[in-house]
Amino acid sequence: MKVNQLSVFLENKSGRLADVTRVLAEAGINIRALSIADTIDYGLLRLIVNDPLAAKKALTEDGFTVALTEVLAIEVPDKPGGLASIIDIISKAGLNIEYMYAFVGSSGENAIVIFRIEETDDAIAALQAKGVRILTGEELHSL
Amino acid sequence: MYCWNKEAECIDRDKLRELQSERLVNSVRHAYTNSPFYRAKFDEVGLRPEDIRCIDDLPKIPFTCKTDFRDSYPFGMFAVPLDQVVRIHASSGTTGKSVVVGYTRNDIAMWAELMARTLGAGGVTVSDRVHNSYGYGLFTGGLGVHYGGEKIGAMVIPMSGGNSKRQVEVMQDFGSTALCCTPSYAVLLGETAREMGVDTSALPLRVAFLGAEPWTENMRVQIEETLHIDALDIYGLTEVIGPGVSYECMEKGGLHINEDHFIAEIIDPETGEQLPPGSKGELVFTSITKEALPLLRYRTRDITLLDDSPCSCGRTFIRMRRIAGRTDDMLIIRGVNVFPSQIENVLMTVEGTEPHYLIVVDREKGAMDSLEVWVEVSPELVSDEVRCLESLERKITAELQSALGLTLTVKLVEPKTIARSEGKAKRVMDRRDLYQ
Chain A
1 MKVNQLSVFL ENKSGRLADV TRVLAEAGIN IRALSIADTI DYGLLRLIVN DPLAAKKALT
61 EDGFTVALTE VLAIEVPDKP GGLASIIDII SKAGLNIEYM YAFVGSSGEN AIVIFRIEET
121 DDAIAALQAK GVRILTGEEL HSL
Chain B
144 MYCWNKEAEC IDRDKLRELQ SERLVNSVRH AYTNSPFYRA KFDEVGLRPE DIRCIDDLPK
204 IPFTCKTDFR DSYPFGMFAV PLDQVVRIHA SSGTTGKSVV VGYTRNDIAM WAELMARTLG
264 AGGVTVSDRV HNSYGYGLFT GGLGVHYGGE KIGAMVIPMS GGNSKRQVEV MQDFGSTALC
324 CTPSYAVLLG ETAREMGVDT SALPLRVAFL GAEPWTENMR VQIEETLHID ALDIYGLTEV
384 IGPGVSYECM EKGGLHINED HFIAEIIDPE TGEQLPPGSK GELVFTSITK EALPLLRYRT
444 RDITLLDDSP CSCGRTFIRM RRIAGRTDDM LIIRGVNVFP SQIENVLMTV EGTEPHYLIV
504 VDREKGAMDS LEVWVEVSPE LVSDEVRCLE SLERKITAEL QSALGLTLTV KLVEPKTIAR
564 SEGKAKRVMD RRDLYQ
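Chains as they are written, first to last, in my numbering: chain A, 1 to 143; chain B, 144 to 579.
By construction, these hints were calculated from the structure, which means they are not laboratory data.
The C-beta atom is built at its ideal place from N, Cα and C for all residues, glycine as well.
Errors might be hidden in some of the hints.
Dumping the calculated SDA-like pairs for lysine to any residue here, alpha-carbon to alpha-carbon at most 25 angstroms [unchecked claim]:
(1) B:K554 x A:A37
(2) A:K13 x B:E536
(3) B:K240 x B:Y216
For each label pair, taking beta carbons as the anchor points, the in silico distance ranges come out as [stated by the list, open to error]:
(4) A:E26 x B:M572: 30 to 36 angstroms
(5) B:Q315 x A:E118: 54 to 60 angstroms
(6) B:Q544 x A:A125: 29 to 35 angstroms
(7) B:S534 x A:E139: 33 to 39 angstroms
(8) B:D186 x A:T60: 57 to 63 angstroms
Working from the sequences, and respecting the hints, build out all of it.
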């Protein structure tokens with residue numbers, strides 16, 4: 001149910017993002033989704049890739065600090081109110097969304113959104129009870 | 144040329160030597176008899192107090208170091224019963240333990256006399272208004288200057304540090320004539336006055352006594368021009384007594400050492416050998432009148448040279464040059480002593496922090512010294528959430544500030560950002576260029 005996300009610590013200086021994408025390209029890794037959270041001095045680059053472990057290895061060897069975190073890839077109806085319906089379920093379950101971002105590509109009629117929720121297992125239970133589809137890593141990577 | 148105590152400050156050199164010998168013998172006897180610390184030190188090398196008969200015997204005495212203060216924290220080096228101690232001061236040591244010093248009533252009187260000489264050398268008299276921006280508290284600067292100013296009979300304005308706008312207002316309203324603070328604070332006050340639109344040439348301020356941190360001739364020119372004053376260098380260290388150890392006269396050609404109370408030597412920091420006047424080396428002080436805490440051959444770690452040529456001001460005391468560096472890694476930031484080891488100790492206690500760090504010290508024009516600590520983010524530390532990193536930054540900042548007693552900025556950096564040289568990381572980047 002859970003998908004591995006890479007978080008890379010980056011100082012805010014020019015060329016660092018380019019270094020990450022270069023390392024991943026050379027390792028034959030495909031980036032599927034990403035988001036950046038930043039402060040004045042540094043940023044956190046969050047990545048969903050086709051092979052998280054190989055990506056982590058390549059980045060670490062190149063001197064980057066990388067953390068692996070489990071996130072949820074959730075199918076969201078690709079129509080007005082689609083995202084609202086999912087967030088409503090999470091909210092009613094009393095769960096807090098730490099952050100979220102869109103996935104490039106879709107699953108049939110549905111969009112895919114990456115969610116980071118502190119209580120991941122509670123979130124899975126609440127969403128599945130409402131029939132929401134959560135993708136596994138394999139499903140995600142095969143899209 | 145005005146002199147607070149002409150008899151002492153212009154003493155005949157031969158007479159001074161006699162006086163120093165006599166006082167040294169007494170001081171050694173006092174230290175040996177009344178301080179278990181010195182007794183142990185002498186016994187260890189088989190030295191008896193009667194072996195010290197005159198100033199030429201000085202090199203026989205073992206050195207005292209900063210670590211001795213740490214090892215005998217807090218009062219272990221004192222040579223009088225605590226009932227006779229009327230004041231305590233302290234500054235930071237190499238690790239968590241600070242350097243603690245005590246003063247008897249006589250010590251305080253002697254210190255006030257030396258500070259009166261210091262201020263007197265800049266022409267301060269009963270008619271002056273001494274604006275004292277040195278910090279009051281355990282730091283020796285505030286109360287040291289205060290007692291000297293009062294001894295002269297000047298009007299002392301006990302400002303302490305901080306709130307520069309208010310400082311400038313007080314200068315205007317109270318008519319401060321003599322400023323006492325760190326050189327970088329004097330620069331800041333000049334900058335503040337300019338921002339407030341105050342015409343500094345119209346202020347009654349005419350002289351400043353600047354110390355507690357190293358500075359340069361360039362800064363002197365800058366301060367003198369911005370504030371329209373004479374800026375004099377003063378020197379002292381907590382272990383010896385605080386400010387008042389040596390002071391510049393209006394000739395501005397080095398700092399006269401109060402030799403009737405302290406004997407200065409220059410040694411080779413490697414061999415410990417005494418070097419002749421004019422040689423550059425480590426400055427060593429021996430107190431010859433202190434009661435509560437006699438200090439025998441204290442290694443200051445400051446590098447300078449002694450100039451025994453006559454000064455045209457008429458004072459006969461030998462002059463030391465501006466401090467030209469340190470033999471250890473101590474930094475002086477806004478008057479506060481900082482050792483990289485203190486920072487390392489704090490970082491080690493913060494979970495997950497690799498002991499890879501860099502201390503960056505800077506002094507931008509018109510600003511106070513800034514201290515940044517760059518910490519490399521280890522894999523255990525990194526999170527997918529910015530707030531976790533921010534809270535880590537805050538935690539390190541708070542712990543460092545409380546350990547050092549200094550505001551600072553912590554910056555998280557990528558691993559391997561900090562240069563490694565020959566397996567050992569370079570720990571300090573001092574951009575202030577203080578030792579020219």
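Outcome of the hint check:
1. For the hint pairing B:K554 with A:A37, the CA-to-CA distance comes to about 17 angstroms; that is within 25 angstroms, so the pair holds.
2. A distance of roughly 19 angstroms separates the Cα atoms of A:K13 and B:E536; the hinted pair therefore holds under the 25 angstroms criterion.
3. Our distance criterion of 25 angstroms between C-alpha atoms is met by B:K240 and B:Y216, whose separation comes to about 7 angstroms.
4. Our hint of 30 to 36 angstroms for A:E26 and B:M572 holds, since their Cβ atoms are close to 33 angstroms apart.
5. A hinted range of 54 to 60 angstroms for the beta carbons of B:Q315 and A:E118 is consistent with their spacing of about 57 angstroms.
6. Distance hint for B:Q544 and A:A125: a CB-CB separation of about 44 angstroms, inconsistent with the stated range 29 to 35 angstroms.
7. Distance hint check for B:S534 and A:E139: the Cβ-Cβ separation is about 35 angstroms, which falls inside the suggested range of 33 to 39 angstroms.
8. Checked against the hint of 57 to 63 angstroms, the pair B:D186 and A:T60 passes, with Cβ atoms roughly 58 angstroms apart.
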